[in-house]
Amino acid sequence: MKKNPLSMHIDVDAFIPATAEEKKYLVQMRESSTFFRDGARRLRKNKVAMFSLIVIVLIILSSIILPMFWPYSYEEQLGVRPGKRVDPSFNNLSPFEYGTTEQARIDAGESVFPHIFGTDSAGRDYFIRVVYGTRISLSVGFFASIIVLIIGLVVGSIAGYFGGKLDLIIMRIVDIIYSLPDTLMVILLAAILRVTLGNRLEGTALESIGSNILSLFIIFALLYWVSMARLVRGQILSLKEEEYVLSAKATGAKGGWIIRKHLLPNSISVIIISTALQIPSAIFTESYLSFLGLGVNAPMPSLGSLASDALNGINSYAYRLVIPAIAISLIVLSLNLLGDGLRDAFDPKLNR
Amino acid sequence: MSSKTLFYILKRVVLALVTVLIVISITFFAMHAIPGGPFLGEKAVSPAVLEALEAKYGLDKPLFEQYTTYLKGIVLDFDFGPSLKQRGMMVIDIIMDGLKTSIRLGVIAAAIALAFGLVLGSIASLRRNTLIDRFIMVVTTAFVSMPSFIMGTLLLLVFAVKLAIVPANGSTPAGMIMPIITLSLYPMAYITRLTRSSMLDVLGQDYIRTARAKGVSYPGIIGGHALKNAIIPVITYFGPMLAYIVTGSLVVERIFAVPGIGRAFVNSITGRDYPLIMGTTIILASLIVLMNLLGDIMYKLVDPRISFE
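Heads up: the protein sequence lines correspond to chains A and B, in order. Taking the numbering used here, the leading residue of the first sequence gets 93, the next gets one more, and so forth. Taking the numbering used here, the leading residue of the second sequence gets 20, the next gets one more, and so forth.
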């Protein structure tokens, strides 16, 4: 029967309640997933990245926890006892060797905590120095990246948001800093700041950090923010023009919704990833400077300065060089692999 | 060469000159932030040197006048002043002395990196997903993620100390082998990966299929079509590679005791020989800027498809 399109006749069948079977078709098969849950799932599937994550977590935890209950400290010269002559038998111990007084205590039946990696030329337990050096290197890398993130974020968003002349001036400055040979400038600034900061810090709260680490942070704040600023500015400029922002606006989305659902997920992952990749490069810069003698202040160890010190005794104590070398390579490699994994998992541009 | 290309080159040259000028200014004014300035900061300066400095730079004059005097000295006759620590030596002489060794080191390292990188990268791309390819990729990944001073010290440990095949001191020709290898490993690994990915990209192009269809021989395709196009990204790496070699030589020369400019630089920092620090920073920075400039111009000349506007 042909139905007149203008007929008011209603098909009664359309109003029969749906059966249980029919309802099933409307049930969502899977819970709707958010962007971050999606990314986390992709990250979990990436075996290399997960393995790197486990390695990094283990290194971080041990660098925090181990010094808490370790019987030796990184600056304690075991051969030096107040009121007594310096006992040279503690210097340059091989792994699992003991100084004379310690040996005497062992012979008397006491148990002495072993020097797993031996001691260095000043009689300091080498294992705890490596652990402490790892802690220093990691925290320098972390804080330097945070500094870079903050400055880059602020300058980049100002340039991208306001545009015009201000943008032009900021970007010229960025270009100039970008074209400077960074390593040389870092060395120059480190050499200068070491001298100029040293005296001024005395007696202030910052003294405990040490002038050299502080100058490292200043260098990062001066030189390394430029690529982050460029990235943030580019993100803001391109996201402003994206069609989905326009379409969201056209369908009546409010500003808050656009920021939460479109701008943040699309830019924050890129920014976090490049911050994560900044950490190994900061660790690398710190160890490079320490190796050249411009790093942390003695007696504080960092992995670079440990390797640098070990170079003098390379003939007899090669393991003292190999241990920090392995530690740096392991940290930098696993941070890089994790950063790559994060990028694969969280960069929406690559998901297609 | 079109006028547009010429204009581009001119623009890049001016930009490079401005960068060098900025480096000089930063170096000079940063050094003068040191209490007492770079020339008077040390108390151990001999009276003769002090008198010479006094006469040359007019240390009592305002800072900007000292700056113009310093700048004029550099531009007109490469005069960076006397060294504070090495009696009777001019900074420029020390630098030139070290530069001879360092340039030889760097050029050989760059050549090795380029040759091995291109060959290994091509092999990896042509034998894609085979055991050879996997092996090359794993090894280059390790090389790329290892800091140069770690690589250098480990090589020193294995080959000079444990196996004693080569001398640990880098002042003899035989002693240059290890520093050269250390310097070339990272760029070699990088070029290998770059060549592999760009070769894979090129090999999938239509003109390769066309060449194959019209019966060009296998070596003809690889040499005449694939490599010629795949090499372009490698050329962009030319500037950064030389910059890496310059900064890498600082640690490598320290590790292997090579009497080059890098070692002079590191020694000048630990010895607080400020005129030498200033001179070396400026010369090395200018070198890097020059290399980047050459790399950019070469890139532009090689591939006419690239436009920079």
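Any given hint might turn out to be false.
Rough simulated footprint, nothing fancy, chain A against chain B, three-plus residues with beta-carbon under 8 Å [unchecked claim]: (1) 115 to 125; (2) 162 to 172; (3) 194 to 203; (4) 225 to 236.
Quick list of the computed label-pair ranges, beta carbon to beta carbon [to be verified]: (5) B:PRO54 with A:ALA390: 18 to 26 Å; (6) A:SER165 with B:PRO54: 15 to 23 Å; (7) A:ARG136 with B:SER216: 26 to 34 Å; (8) B:PRO238 with A:PHE128: 45 to 53 Å.
Hints were generated in silico from the structure; no laboratory data involved. Ideal placement from N, C-alpha and C gives every residue a C-beta, glycine not left out.
Now for the hints, and whether the structure bears them out:
{"no.": "1", "hint": "115 to 125", "verdict": "violated (count 0)"}
{"no.": "2", "hint": "162 to 172", "verdict": "holds (count 6)"}
{"no.": "3", "hint": "194 to 203", "verdict": "violated (count 0)"}
{"no.": "4", "hint": "225 to 236", "verdict": "violated (count 0)"}
{"no.": "5", "hint": "B:PRO54 with A:ALA390: 18 to 26 Å", "verdict": "holds (22 Å)"}
{"no.": "6", "hint": "A:SER165 with B:PRO54: 15 to 23 Å", "verdict": "violated (34 Å)"}
{"no.": "7", "hint": "A:ARG136 with B:SER216: 26 to 34 Å", "verdict": "holds (27 Å)"}
{"no.": "8", "hint": "B:PRO238 with A:PHE128: 45 to 53 Å", "verdict": "holds (51 Å)"}
Checked against the numbered hints given earlier, this structure breaks hints 1, 3, 4 and 6; the rest are met.
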